[in-house]
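Chains as they are written, first to last, in our numbering: chain A, -11 to 263; chain B, -11 to 263.
If you're looking for bench data, these hints aren't it; they were derived computationally from the structure.
Some hints could be false.
Heads up, incomplete: computed chain A residues facing chain B, CB under 7 angstroms, no partners named [as the list claims (entries may be wrong)]:
1) Gln(-10)
2) Glu48
3) Val91
4) Gln98
5) Pro151
6) Thr233
None of the values given here were measured: they were computed from a predicted structure.
Even for Gly, the Cβ is constructed at its ideal location relative to N, Cα and C.
2 protein chains.
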Amino acid sequence: MQRLAMRWKRAGTRIVFVPSMGCLHDGHLSLVREARRRCGRSGKVVLSIYVNPTQFGPKEDFARYPRDLASDLRLCRRAGVDAVFAPPDLYVRDSGAAHSTYVVEDTLSQTMEGAARPAHFRGVATVVAKLFNLVLPDVAVFGAKDWQQAAIVRRMVRDLDFPLEVVVAPTFRESDGLAMSSRNRYLTGNLRPQAVALSQALTLARAAVRRKPVSAARLAARLKRFIEQQPAARVDYVAFFEPETLLPVRIARPGVQLAIAVFLGPTRLIDNGCL
Amino acid sequence: MQRLAMRWKRAGTRIVFVPSMGCLHDGHLSLVREARRRCGRSGKVVLSIYVNPTQFGPKEDFARYPRDLASDLRLCRRAGVDAVFAPPDLYVRDSGAAHSTYVVEDTLSQTMEGAARPAHFRGVATVVAKLFNLVLPDVAVFGAKDWQQAAIVRRMVRDLDFPLEVVVAPTFRESDGLAMSSRNRYLTGNLRPQAVALSQALTLARAAVRRKPVSAARLAARLKRFIEQQPAARVDYVAFFEPETLLPVRIARPGVQLAIAVFLGPTRLIDNGCL
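Input sequences plus hints: build the corresponding full structure.
Set out below in structure tokens:
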């Protein structure tokens, strides 16, 4: 991958990169379309498929995370992706000592997903740094669904001076509002209809703050009650914060970002939006 | 710097990079000559001058670290350096939140300089990653005098897949054996002659192990006694280890690496060599 990328760079070819963990859905394909818009016909769109072990906690779903390379490759071909980078492993070395270098973001990573999933963002930042060095993109496209992740990647690019631009593309949703995610496959039986509560909570919050600014704590409590009307739903967090700095706010008003994490049975779903 | 480097990359120009903290001496110039050998006349040699605050401890010599940009630029011009990158600050941003992303190596960094100087190698790895992303070198040249630093940078390049080669060039010495260092300027009065004890200890150790392998602990004690015959000398550590993994060894034999840190009055000096 790196040799190919270097050849493209030397030829002056623009590279736009979409990192993924595979099991591609229409959300990913919307990122690929955004990538194509950013580099035109003459540029190259690279999509990586790698279920990164270092971003999963010991009790999380790394082993059973859905994988379907054959389908992914078909979708990439149809979407006009120029190169798929699907390494079997990015950490094991043929010889020599084990991986021991990590990229750590120590401010934006402290809340929300970082608080709920220790070492998650260290794993994300490390693998994204590796992928940037292997793919050498001019632009990297991330989905807004993982808002905190996108903020941390953007911060990493700024702080470590990676020579590229980060683009955050809007969340792609099912017709009922559910944010697309590979983990939606886990939603069998009566779980799937209950999942609509997350995006409905965003809509409810938007309507509330557009009437008048309200206490973030009180609105959070209201959204929690709303979501937990679904019998299988247990709210992990409801957070109101500044969209760039991720600093918590006490008053929810238009322009504030809202993020939600909910366990639906054993499956953990996240969503977010700007109020 | 990054724009210039990108232009060179697009033109297929090879970039060889020598990072420094300035106050250049013949040791640095030997790195510049090595850099020139690695890229030929058609390539570009870039030297950076940056006294990186994040690698100094709160009680260390950041404020009084010697700086002499006018002399450095003269030496660079004479040595045929193609570009000097001397940023005033690499961490402060015009606007927005403070720097919060670090590169951490958590194995090789635990011993020797890492044990003596907490957060030192986090600062080194972070600034070197930044400089690599700003200078975009094909090759980066480090001095063997900072052996542990070179090992950590090499590990970082491997672990984070930076698209470049790390070259470690031999330590350049004064005629009496003292390893060149900008901190040698601190050695005023009768301190300078005492500093020769470090390289003499390396010679003594080499002679000892070439007769027969010996206990590392006993040889370390002997070297400590030898060095502390100098009235102003206080040994910080004497370490015997595998040259790549930095793992300590119990038997000192040819091929083992020896590193020494010594306070000479208020000045801390280091040296190392292969037995």
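How the hints compare with the structure:
Contact between Gln(-10) of chain A and chain B, as hinted, is supported at the beta carbon level, the nearest pair being about 6 angstroms apart and thus within 7 angstroms. Interface hint at Glu48 of chain A: violated, since its Cβ lies 21 angstroms from the closest Cβ of chain B, which is beyond the 7 angstroms cut-off. The interface hint given for Val91 of chain A is met, as the beta carbon of that residue sits about 6 angstroms from the closest beta carbon of chain B, less than 7 angstroms. Here the hint on Gln98 of chain A is broken, as its CB sits about 10 angstroms from the closest CB of chain B, past 7 angstroms.
Because the closest C-beta pair between Pro151 of chain A and chain B is about 6 angstroms apart, less than 7 angstroms, the hint holds. Hint status for Thr233 of chain A relative to chain B: holds, with the closest Cβ pair at about 5 angstroms, below 7 angstroms.
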